[in-house]
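In case you want the letters, here they are:
Protein chains: 2
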Amino acid sequence: MTDLNPADANLAARLPEGVLRPVSDAYLDEPRGRLHGRAGLIAAPRSVEEVAAVVRACAEARVGIVPRGGGTGLVGGQVMPEGPLPLVLSLERMTAMRGIWPEENVLIAEAGMTLHAVREAATGAGRAFPLSLASQGTAAIGGCLSTNAGGVAALRHGTARALCLGVEAVLPDGSILRDLKRLRKDNTGYDLRDLLIGAEGSLGIITAAALRLIVPPAGVGTAMLEVPDPAAALSLLALAEGRLAGGVTSFELLSGQGMDFLRDTLPEVRLPLPQARWSVLLEVGLPEGLDPAQALEGLLVDAMERGLVRDGVIAQSGAQAREFWHLRESLPEANRRIGAIASHDISLPLSDIPGFIRDADVALRQGSDLRIHCFGHLGDGNLHYNLFPAKGRRREEYDGARKALTEQVHEMVMARGGSFSAEHGIGRLKVGDLARWGDPVRLQAMRAIKAALDPLGIMNPGAVLG
Amino acid sequence: MTDLNPADANLAARLPEGVLRPVSDAYLDEPRGRLHGRAGLIAAPRSVEEVAAVVRACAEARVGIVPRGGGTGLVGGQVMPEGPLPLVLSLERMTAMRGIWPEENVLIAEAGMTLHAVREAATGAGRAFPLSLASQGTAAIGGCLSTNAGGVAALRHGTARALCLGVEAVLPDGSILRDLKRLRKDNTGYDLRDLLIGAEGSLGIITAAALRLIVPPAGVGTAMLEVPDPAAALSLLALAEGRLAGGVTSFELLSGQGMDFLRDTLPEVRLPLPQARWSVLLEVGLPEGLDPAQALEGLLVDAMERGLVRDGVIAQSGAQAREFWHLRESLPEANRRIGAIASHDISLPLSDIPGFIRDADVALRQGSDLRIHCFGHLGDGNLHYNLFPAKGRRREEYDGARKALTEQVHEMVMARGGSFSAEHGIGRLKVGDLARWGDPVRLQAMRAIKAALDPLGIMNPGAVLG
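In order, the protein sequences belong to chains Y and V.
Numbering-wise, the first sequence is residues 1 to 466 according to full-length UniProt numbering.
Numbering-wise, the second sequence is residues 1 to 466 according to full-length UniProt numbering.
Take these hints with a grain of salt, some might be off.
No copy is singled out in the list; a pair is fine if it fits within one copy or between any two copies.
Unchecked claim - With a Cα cut of at most 27 Å, we get these calculated DSSO-like pairs of lysine-lysine:
1) Lys403 <-> Lys450
2) Lys181 <-> Lys403
3) Lys450 <-> Lys181
4) Lys181 <-> Lys391
5) Lys450 <-> Lys391
Hints were generated in silico from the structure; no laboratory data involved.
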């Protein structure tokens, strides 16, 4: 630590012993490489008390803090490329499971525990933690909560917010909020938990959380069903919900464009419905006494009679189900290899989705040869609506069009009462979108809360509100 | 309006035409008669714009506002017995359903719509709104949200907070937050919705809400099962959840004391398990292909083999199921007729419940002849733990002991990581409890938020934070 500037050296001397780490790229990147962070110091505290001590020292020194979990966020909330050098506060050493109560369906995890580790711990106790994301091997549970992560089972179990009973957090003044309750109901004042969840580290640092587990369903079934169009997919969802009493865990929309991308980039991925222009990956969790494959068979027959499904494959084994999911989870990698011009994480009222997909398709293709890959968590109204170069062209050729394309997509989404950030958050990449599209009254209230809790503005400066 | 004092007359003149109502007791009471409110003016605006105009006028005149829905709250949030005379803002004229989208499971209701009316509207469209409370005929949906109401189906569907997608609200400065989104996922900044929900009108007035509906399950089954003790009831819950894949909608604990109260006060209520010391009222909602009575039969046999259930009755008809629910819903009336010394709306970590019930029973009976009626939403860890006079004695004889008894109950609850207000909120009756038991860091953050959003302190003065 000999090459620190005097201000950082002064701050470093006031931190708990042994928390500093060498500054390295591992703490300064984000997955898509759009932003590169900077840092004066990297601190990796071992306890909530050490986190509080770091925050207090930063508050005194007026140094910004960028909290960092697994670093998998997609909107740059974990990297600060501009402004005075911040301290990056990594939760990597707070990885303990503080306790598990299978009989109450509760687990208390420290923020640095990976989502994968939380899921494994729950499974090891005969329970399940139903938050499920492609990046779960790296994503930390603290980051999942701070960004209110969504994923493929939110339809049934909600986003991260719905799976959290209580948090421990360090507030911007260094005080420790101890609210790790294992309670389903607690109406004793303002909902600070849900305020910290989704605040992307701009109101405090979540250091641990009491998480809600589930008893795994007796039977799980998985199917891929070809649908004539997105409207039929939505009718299929309603039909499935009616037949299965809330038993639909996942309902993912897949498109022919995605199949083409997989063929081109990951030819080893098997495609059960290779010709489908639109299809749905459906997972159900059902009670004892119902055979999941039979229940899905019944749904398939019913849906085909109604013209909602053209063809379908019901997984006959866990291996086949994993194969379906492998296809779904390979889509982001295929996208990466093709190279998007622009990606959009949007949500819409469910009944607006068919109209949006139709109209956006027409509007965006007008005078353009781009390819549209639209897929995602249809059951949640959450689409990943991504634009790609025509075959044989490079994304750079569209550099001049990128901004206008995103503007056009977001405009169509907002006109239909949708959201320009369904599950990824604001971070730094969508600060401009929030300023542009956010309700002014809402923004004013957010700024008032930020100023009240973080008057020095040291918590993740520039994130969310800019 | 001729008998107004000059200040109120001045304010009245600045309100939208026709919003004033005569001051009457109907706006000043609460169900248990513990507090009686006062008011300078009663206003019943017809639109969010009129609510905003009233709030702006009150802000200018520095007059406090007490929002009022159905007036069924149990902690005095709707009545202000002390301080400068407030304006009571009744939502009684905002009762429109603004829209319903059955295909997306969404309904938008104005705040004054009763919970019953919301439920009927959902049912009329082939859907269901799963919030269910004894007072639903009177309780307004705005009040249900402002107090984050719980009820008998929170185990499966969550409290009011979990059933709300977006709100329209008037903030303390009279600005209108327009956030009536019909989206499942929207990560665009701080969670103001959940901050307003449960704030009991102290941060703003919810004027409308986008509510989440469900597709009703194909089959519903209801049973009353006698259990040896509360610990067995909890094991039964875990067994049922494992067998039924999250299909348990309600799991209510009933006690022999409650049966005795019903015998004494409402002898017409039929008791299916008249001798049971502890029993459970269980409701399940199941997929097509499973007969609910058969599924409950299977659970009953399994549970009896494990020694978790001694006896049971499975409803063979809707009429019988309603009879079981009638019993459950008659308990509050029986309690009223007996006359409680003290009532407690507590929650505990599930695995602490048997120990709490055992220890509290011993502690409270020491040197006392009181009767304990412990019942409630066991699946949520939420008990109504109420103390009654010995048979033949009057509650007034225990007046001197009341405060110490409540203190003792809350102390035992808090020592086990529980809550002194699980579903009723703070209102005015539990302000002292919040100050006493609330985490100081949490209270400080709450006060900072209150000061930031309501610097004049006009929104429900004295509620929640005192």
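Outcome of the hint check:
1. Lys403 <-> Lys450: The answer is neither: 29 Å in one copy and 39 Å across copies each exceed 27 Å.
2. Lys181 <-> Lys403: between (45 Å within a copy, 26 Å between copies)
3. Lys450 <-> Lys181: Both, since 25 Å and 23 Å are each at most 27 Å.
4. Lys181 <-> Lys391: neither (53 Å within a copy, 38 Å between copies)
5. Lys450 <-> Lys391: neither (46 Å within a copy, 56 Å between copies)
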